[in-house]
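Visitor: Letter by letter, the chains look like this.
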Amino acid sequence: MTTLPSQTSGVRLGLDRTKFGPEVRIPSFTGDKVLRNALLFVCGAVFVLPLLWLIEASIDAGATRRLQFPDLTLDHFVTVTQPDKMMALGNSLLISLVATFVATIPSILAGYAFSRHHIPVKGGVLMLILFLSGVPINIMIIPVYQILGSLNLLSLIPTGIFLGVTALPFELYIIKNAIDAIPLDLEEAARIERANTAQILWRVVIPLAMPGIAAAAIFGFVNTWGNFLAPLVLISASNEQPSPIKIFGFMSADIIRYGDIAAYSIVYSAPVVALYLLSSRIFRSGFVLGGAVR
Amino acid sequence: VARSDIVEQKKESGPMPRLDRRRYNWESAVLLLPTALLLGTLFLLPIGYAFYLGLTNLQLIGANAVHYRFTGLVNIWRLLRDAEFFHSLALTLYFVVGGGALASTVAGLVLAMLMERAIPSLRAAVGALAMLACILPPATVAVVWFAVSTAGGVIPWMLGMGQADLLYAQPMLVVSAANAWSLCGLSMLMFAAALKNIPSEMIEAAILENASARQRFWRIILPMIRPTIMTSVLMMTLLSFGNFTLVFLMTGGGPSGQTNILPVYSYVQGFTFHNLGYGALLGNVIVVLASLLGIAFVLGDRLGSRTAPAAKALALT
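If you read the protein sequences in the order shown, they are chains A and B.
Start counting the first sequence at 1; every next residue gets the next number (my numbering).
Start counting the second sequence at 1; every next residue gets the next number (my numbering).
You may find that some hints are simply not true.
Label-pair distances were calculated between CB atoms; the ranges are [unchecked claim]:
{"id": "1", "chain 1": "A", "residue 1": "ALA237", "chain 2": "B", "residue 2": "THR272", "range": "52 to 58 Å"}
{"id": "2", "chain 1": "B", "residue 1": "ILE61", "chain 2": "A", "residue 2": "PHE69", "range": "49 to 55 Å"}
{"id": "3", "chain 1": "B", "residue 1": "VAL30", "chain 2": "A", "residue 2": "PRO183", "range": "21 to 27 Å"}
{"id": "4", "chain 1": "A", "residue 1": "ASN177", "chain 2": "B", "residue 2": "LEU37", "range": "21 to 27 Å"}
{"id": "5", "chain 1": "B", "residue 1": "HIS67", "chain 2": "A", "residue 2": "ASN152", "range": "17 to 23 Å"}
{"id": "6", "chain 1": "A", "residue 1": "ILE282", "chain 2": "B", "residue 2": "VAL30", "range": "26 to 32 Å"}
{"id": "7", "chain 1": "B", "residue 1": "GLN163", "chain 2": "A", "residue 2": "SER236", "range": "39 to 45 Å"}
{"id": "8", "chain 1": "A", "residue 1": "THR30", "chain 2": "B", "residue 2": "ARG214", "range": "17 to 23 Å"}
{"id": "9", "chain 1": "B", "residue 1": "THR272", "chain 2": "A", "residue 2": "LYS122", "range": "40 to 46 Å"}
{"id": "10", "chain 1": "A", "residue 1": "LEU278", "chain 2": "B", "residue 2": "LEU44", "range": "57 to 63 Å"}
{"id": "11", "chain 1": "A", "residue 1": "PRO70", "chain 2": "B", "residue 2": "ILE61", "range": "42 to 48 Å"}
Honestly, the hints are just simulated from the structure, not real lab data.
From the three backbone atoms N, C-alpha and C, an ideal C-beta is built for every residue, glycine too.
Given these sequences and hints, build the entire structure.
Guide: So, in structure tokens, the structure goes:
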């Protein structure tokens, strides 16, 4: 197969221009190429300038909404690492970890059952789960507020469990697909060695499905880390509030301190970016089953 | 014993199950139990409960907070006479279909196509930035877009509008743009993969047939990436419906209700005006609307795809 580095260029196809004569139109492409790159550069600017402002404001003593040359300082980062702000980050971590466990462990068990067992109306159940993964979770806030409120559970851990459940359908889907990709022969070999289901799950399935499980877990974590409405409504104690509520506090202040809010946003976003980089590394290192099965 | 289990399992997954042996494994019930319990109590139950609460006079505080009752169609009658609801519905469609589904998908496709033949370093940089915008938490996106779109911010400056407060002048446009900005990295990724999968022979053949760039786009590329367009439109719609945080943090539904999309209106009715029952009903409208839009897109795709094979065949000949 010939790959075509520049699809608009007939010359690179190795066509004989004289043979095809005037029928093959070969316009000049330098102009086209410059235009393309210039347009992409403008797109890049649309992405980079807002982010540049975020970084600039976080290290600028006189930070405003304007993008300007910073009067360098680290004061904003000192301000946002005060105990109350750090506690909000700790709450974010706690609520996200709770949600990740609540979503991922049941997903592994159910994903295995859906992948390997015969289950009545499996197709219908999987369709329902796919549908659930698309339901906008904000619409469940009022009923969940009623339920948790009546049980006196308007606090951090129940909210984490609820947010975990909202991520469960999508996690289940990712993990089921990861388990589907594992050859059945490996499990059969383990069964011949008289391994039971728990051993097979722990020793064979989970290690082999790890990239998929990690991707699902990261989704669960990030999904909760970024959620704002659920903690706003479902957590009553102010010392249990996670970071997005602090950002809301910053933004609804009478005088918005742009430097502090930018620094806090960076600190708050860093774990998500790190997790994304980690997950892309997991996927790049790949998932090699070659040689495991003949 | 172990061997017969394996044989049994193999039969189960095969096309011809053995009818004389048990086909269900008791272990599947154990494995499915945690998921069933969690989804049942904290997902399906709340959705069902929301439909019930939507038809009650539940209040956040006061007498009706505890002793609320089923009021039948009273809330629906109120909904139909609520001018703010219809305004909010129109804004939601603008935000979800315009700023979400269409703008993000088109932006993602344009980015992917521009990147296809760009200078490698520029391509890598723009790709990484678009993905960064996509993975940032919604609260951060709200902070950034709030700052850059108000008076003196980067965007009015880029557009040569100087001191204009764009967020105040065009609130709906700005929040929709922020939403598309934060979503289009995902659709860019999807389109980049889809464009790579188009066999280069088809493009080469088209070039030999003297097809113009426009013809190649409409007759070959677009039909070939049609499934991806569909997936992208659906995903962007659902993600935009969920994007309460962005709008709420940037504008709070204002100024004077100009960005009062349904998720925000539902929250405001429930927790600011204390009408939890009516707020739940507005939430139910969102579920119905999301489902209807999803079905409409899928049906539209089915209808359109009748002509697609012809277009593909035409492109191939």
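Visitor: Could you work out which earlier hints the structure fails to respect and list their numbers in ascending sequence?
Guide: 1, 10
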